[in-house]
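J.: Knowing the structure of chain A, use the given hints to seat chain B on it.
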Amino acid sequence: MMKVIFTSIAILATTATTHGSPEAIKTILAVGPEGKGNQQAAQAWSDLIKSDDPDSLMMLLAGMDNAGPVAANWLRSAAEVIAANLEADNKLSLNELGSFLLDQGHAPRARRFAFELIRKADPATAKTMVPGLLHDPSTELRREAVAQLIDQASSAATEGNSNGAILLYRQALGGAVEPLQVKPIANALKELGVQIDLPRHFGFLMRWHVIGPFDNTGRTGFDKVYPPENEINLEAVYDGKGKESRWEPLETSDPFGKVDLNKPLGMLKETVGYAYTEFESSRARSAEIRLGCKNAWKIWLNGKLIFGRDEYHRGQKIDQYKLPIELKAGKNTILVKACQNEQTEEWTVQWEFQLRICDATGSAILASNRQATPQPGSQSRRPRRPKN
Amino acid sequence: MKFSTLTFFIYLTSSLLIPAADWLQFRGNDNTGASTSSTLPTSLDKDKHIAWQSPLPGRGLSSPLVIGNRVFITAASTPDQSRLHIICLDGRNGSVQWSREFWATGRTICHDKTCNAAPTPASDGKHIYALFSSNDLVCLDLEGNLKWFRGLMQDYPNASNSLGLASSPVIADGTLVVQIENDSDSFAMGIDLKNGTNLWKIPRTKRANWTSPVILTGGVVALQGSAGISGIKAATGKVLWTFGDGASTIPSSVPSKDGSRLYVPSNGITVIKPRTDNNTPDILWNQAQLRPGTASPIVHADKLFVINRAGVLNAANKETGERLWRIRLEGPFSSSPVTSEHFLYIASERKGLLQCVDLSGEEGKVTGTIELGETILGTPALSSDALYVRSDKHLWKISEAK
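Heads up: the protein sequence lines correspond to chains A and B, in order.
Quick note on numbering: the first sequence equals residues 1 to 388 in this note's numbering.
Quick note on numbering: the second sequence equals residues 1 to 402 in this note's numbering.
Derived by calculation from the structure, the hints in this document are not laboratory data.
It is possible that some hints are incorrect.
As the list claims (entries may be wrong) - Below, a list of computed lysine-lysine pairs in the BS3-like style, where the Cα atoms sit at most 27 angstroms apart:
| no. | chain 1 | residue 1 | chain 2 | residue 2 |
| --- | --- | --- | --- | --- |
| 1 | A | LYS269 | B | LYS206 |
| 2 | A | LYS241 | B | LYS206 |
| 3 | A | LYS36 | B | LYS393 |
| 4 | A | LYS120 | B | LYS393 |
As the list claims (entries may be wrong) - Per the computed footprint, the stretches of chain A lying under chain B, defined by three or more beta-carbons under 8 angstroms from a beta-carbon of chain B, are:
| no. | segment |
| --- | --- |
| 5 | 35-41 |
| 6 | 65-72 |
| 7 | 75-82 |
| 8 | 308-322 |
Said to hold, decoys possible - Only some residues are given here: those of chain A computed to face chain B with a beta carbon under 8 angstroms:
| no. | residue |
| --- | --- |
| 9 | TRP45 |
| 10 | LEU102 |
| 11 | HIS106 |
| 12 | ARG109 |
| 13 | GLU178 |
Glycine is no exception: its CB is placed at the ideal position from the N, C-alpha and C atoms.
Okay, chain A solo, but in the shape it has when bound:
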């Protein structure tokens, strides 16, 4: 009997110290690659969800500030269970959640989670908060505010209030970072007679130097190191595939920044091309290169390979790839390698990419010396150095 009592006390003591405890959160934050730490995390998760303390929920949300993508899901899932229990017991603290939401220092996803809890408990209050989220660091929170403005602008346009609609659409555009929202806003404004500089809005890089073709027979060019990977010399001439290859300037006026290598290099197959540009950053900062490309590609920033992918013709979208980078103050060099393969179907003609630089929300980061967006039909000029 005594053994049972002692065991029960031990279990209770263990439970009491682990519910919502920083230790359990720490265990979850320690999950590693290839499932490392899953077993310990499962035990910690099981301990965490037993808590009925509102502070535990806030601790979990704050824990997401330091969590990688996998650990964040463990924490989110525990928070989801605890929040449901607190809600059922009418113990959810909207004040605490509101404070957390308003503190932009917390992880954007955690703040979005807090917003959704507030909206579930008090939809009216949540709705009144939405306009204040237009420039939020959370893309998902911004989306709400932009959507609300789009609705209002659309209503104004329907009622014949064109000036009001333009103002509201422009306000929406100020916060819009996702193509799914930017495109309809730009289209609506165009109908109202207002042209939007989409490349500038997104931060697409429009001026490049390109060189090619190099050989990609049998898709071997992806791994081959051609001279532009070793040196950037815009005056150099190299042996290319069947002819000499030299750098030439290429401006694009595509509204979504598509750089079409077929234009300067010819409608070729089994070839490799390179595009080079320079980006002046006003300061050292974290950023993202966002790429859309349906050819195999590699990207170097300041001579360092960022990422590469040997997939061909499986679709292209804006922001298809999001690559975290560190910009340095001053000149940053960007080199793109784009490989065309052997396929001959109509949908494999494209040999192109679209690249922009933005922050984690998708808001454009513009080069400090960015030039005016090239206009359709404008002649390519040969700048001494390609600057965006």
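T.: Chain B alone, transformed into the frame defined by chain A:
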């Protein structure tokens, strides 16, 4: 009792412990898509046979799973499909028992037609193993408790397909077999059910592939791809045999009920019989005119059924490949058919037209249809007395008794 005998006994009893009425993975427990149920509705009357419909929080191509009275389904929501949902409903009334959300950790980009919740989850009857196109792999118990989480694209950053992945994992010999095939980092892996760690990982042909593994006998799983099909030991990943004549990358193979032969979408349909000595499988027959579209073929009684791109259901002698009859259904179809004791069910893509075909006569005959009015891309799941069909927006229970 010798170890091998003991292992067999455990395997046998654990198999028997899984109720036959459960539907635990893509195209059922044995990947055949076949059920012996004799109580499903066949006239398909919208007023009589829709037991319930339950709204879903997002799109999906995945099939539901049925475990006892519970139905499990995955979905993906938000414009970028980055929100992953795993939902448990009460099969009796469609009420949501619990719902869990996760954030995608990998790329969610897909062709507009498909979506992040394309693969069907798998279950051992005690846990749900849900895979998404973003290569997020989640294990929950039946009460919704998180047991482990893997972000496979976090581990292998080039393991993705810009058109979306769709291969559904299977559980064989106590191992979760996952096929992640694409143009770049292409592989298959065996995952430990207990903790989600890798038991094995083998390279696969670098070519996009949307087919799913198929369970054969003796702990062997067939992996299909553009190069052909390979038999691998589920527990170790060891490649036992290979059929190298190429195979489709969209419709999956279907095994015979006893798992001894495989109907492969290869040059039409090619039927192979793996050999016990693990040499190249014997080819039993090939029929070039049986060309499956997106829907996977299915075997019922003495026939093989193949739906082609035009939506024509072709019946063939499963022993010879001889074509017997064909009827035109109302397509197009992205989902695969399932069968009950005497009937075949399939839902069309655009109108969500669920169609029932009587297979018992000299020729096939459509016995009933229900137009559900929403896009249906997922294969139905069957329990002993109901079909569960998912669209982009709802999960329906179709049964004789409301």
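J.: Taking 8 angstroms as the C-beta cutoff, is the stated coverage of the segment 35-41 of chain A by chain B satisfied by three or more residues?
T.: holds (count 5)
J.: Does A:LEU102 hold up as a contact with chain B if the rule is Cβ-Cβ below 8 angstroms?
T.: 22 angstroms, violated
J.: Measure nothing beyond the straight line between the CA atoms of A:LYS269 and B:LYS206; if it is 27 angstroms or shorter, mark the hint as holding.
T.: 20 angstroms, holds
J.: Using the nearest Cβ pair, does A:TRP45 come within less than 8 angstroms of chain B?
T.: 5 angstroms, holds
J.: Against chain B, run the beta carbon of A:HIS106 and see if the smallest gap drops under 8 angstroms.
T.: 15 angstroms, violated
J.: Any CB of chain B closer than 8 angstroms to the CB of A:GLU178?
T.: Since the shortest Cβ distance to chain B is 7 angstroms, the answer is holds.
J.: Report holds or violated for chain B covering the segment 75-82 of chain A, Cβ cut-off 8 angstroms, minimum 3 residues.
T.: holds (count 5)
J.: With a cut-off of 8 angstroms between beta carbons, are at least three residues of the segment 308-322 of chain A near chain B?
T.: holds (count 10)
J.: What's the verdict on A:LYS36 and B:LYS393, does the C-alpha distance respect the 27 angstroms limit or exceed it?
T.: Not satisfied, since the Cα-Cα distance of roughly 36 angstroms exceeds 27 angstroms.
J.: A:LYS241 and B:LYS206: Cα distance at most 27 angstroms?
T.: Holds, at roughly 25 angstroms.
J.: How about the segment 65-72 of chain A: do at least three of its residues have a C-beta closer than 8 angstroms to a C-beta of chain B?
T.: Three-residue rule met by the segment 65-72 of chain A, so holds; n is 4.
J.: Close enough to count: is the Cβ of A:ARG109 nearer than 8 angstroms to one in chain B?
T.: With a closest approach of 6 angstroms, the A:ARG109 hint holds.
Comparing the model with each numbered hint stated earlier shows that hints 3, 10 and 11 do not hold.
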